[in-house]
Amino acid sequence: MDHRQQVREWLDKLRDGTLVEGDLEQALDRLNGHSDEPRQKLLYLQAHKSGVDADVIGMSIVESGEINEGPEDPDQWPYKTVLEAMNDGWRIIKFPDMTLMLQDEETYGLGCDFVLEKWE
Amino acid sequence: METSLQQPEIGLPYDCEPTLNDEQVIEFCRRGFLMLEGVVGDEINKRTVAFCDENPSGQPLEFLTEDWFVDGVLKNPESAGAVRSLLGRDFKLPGNMSNHRAECPTPAQGWHRDGGSIYTPRLDYLQVFYYPQDATPEMGPTEVLPGSHFRRCKSNFINHVRNVKMTEKTTAPAGTIFITVYSIWHRKGKSTWTGIRNLLKYCYWRTAEPCRDWIVDPDHVFSWPETPPEPGFEQFRSEIPAARMFSWLCGEEFEHVGGQGWPCGSPRTPACDQPGLPEGLKRYT
Chain A
1402 MDHRQQVREW LDKLRDGTLV EGDLEQALDR LNGHSDEPRQ KLLYLQAHKS GVDADVIGMS
1462 IVESGEINEG PEDPDQWPYK TVLEAMNDGW RIIKFPDMTL MLQDEETYGL GCDFVLEKWE
Chain B
-16 METSLQQPEI GLPYDCEPTL NDEQVIEFCR RGFLMLEGVV GDEINKRTVA FCDENPSGQP
44 LEFLTEDWFV DGVLKNPESA GAVRSLLGRD FKLPGNMSNH RAECPTPAQG WHRDGGSIYT
104 PRLDYLQVFY YPQDATPEMG PTEVLPGSHF RRCKSNFINH VRNVKMTEKT TAPAGTIFIT
164 VYSIWHRKGK STWTGIRNLL KYCYWRTAEP CRDWIVDPDH VFSWPETPPE PGFEQFRSEI
224 PAARMFSWLC GEEFEHVGGQ GWPCGSPRTP ACDQPGLPEG LKRYT
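So the sequences go chain by chain: A and B. Just so it is clear: in the first sequence, position 87 is 1488 by our numbering, and no numbers are missing. Just so it is clear: in the second sequence, position 283 is 266 by our numbering, and no numbers are missing.
Treat the hints with caution; some may be incorrect.
Claimed, not checked - Capping the alpha-carbon separation at 20 Å, the derived lysine to aspartate or glutamate pairs in DMTMM-like fashion look like this:
#1 B/Lys137 / A/Glu1506
#2 A/Lys1450 / B/Asp117
#3 B/Lys152 / A/Glu1507
#4 B/Lys171 / A/Glu1470
#5 B/Lys148 / A/Glu1485
#6 B/Lys137 / A/Glu1507
#7 B/Lys148 / A/Asp1476
Said to hold, decoys possible - A short, non-exhaustive set of chain A residues, derived as facing chain B with CB atoms under 8 Å:
#8 Gln1441
#9 Tyr1445
#10 Asp1454
#11 Ile1458
#12 Met1460
Hints are computed from structural coordinates only; laboratory data are not their basis. Using N, Cα and C, we set each Cβ at its ideal position, and we do this for glycine too.
Construct the complete structure from the given sequences, taking the supplied hints into account.
Written out as structure tokens, the structure is:
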């Protein structure tokens, strides 16, 4: 459960007069049982072009301490563009390196690299 | 260190009839690989698997002294014919042999180009892969990225690249040989099957100056090619280095003139030679 939602529930119960010691102890038990600290998730997206609306041509997600390549079928990928990922709460932390695009005759790497993060 | 094996044919020149035509050579230059499915016979495939089990080293040089393997695989008519088309006459037979012998299941490997890769329009060698057993999707066959032999990279800087839209799996029956440009991006796919997978890898080398001596169609029109968009490349930026490589293979001078010059694509084919087309590839003049 999200921390803010938890506190809202407690406030509601306090206003109702139904908040009891057990409610707070339950939350404490959960905290003691595992880390409730948010962890960084990373979303690597390689796009065909440098705009956030460009088609995604490569992806992987780092979450819960593991690297996940996502569905094998690109039609099943969670995001078709970087913009879709942003609209789903992902925050861009690295934009494509434009200097790689300037050498006219050569193509470097795989498309335009975006790295996005979430904290959950 | 083992002493070298004495066998007259290791690394020596070999010639045979070419089997690829203009279109196939151009396609190879563009995609960086070609598949020859099931060209090696079953008996040789089974014998190869057994030999791999008896010689489980990652560098089974012993193959190079086995006549049945040299004749059945290294000099296989379809495969050697493709090699002959791309490397010219009197190409050198492999002097080294690798086996990417994997105990499956394994996770997917990272994308990489092999060490020693360079970017050049020359085609002086080919890296060839041979599956002596079926390569099913569950076994994690090698995945390749078409056109990536022209994508500049260093393997340690593309480690974050994982699931790629344009990936092609080399899923294929036993006896399949696939021929690649050395710098192509590739990786072993994720396997879920249990067992030992063998993948033999070896290189052929050019000795002759390049010239257009494969199966030539004098009426072939090179001008105004079809150029479907290639994700991750600016328009025509995968065709231009392919055109350089093909021109070099033909022994032709070529300098990309830009604009609508060759190999800029066109949905329809005007009945004239495209500006910038090498002299020897012209059709109308």
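Which numbered conditions among the earlier hints are violated in the structure presented, ordered from lowest to highest?
2, 3, 8, 10
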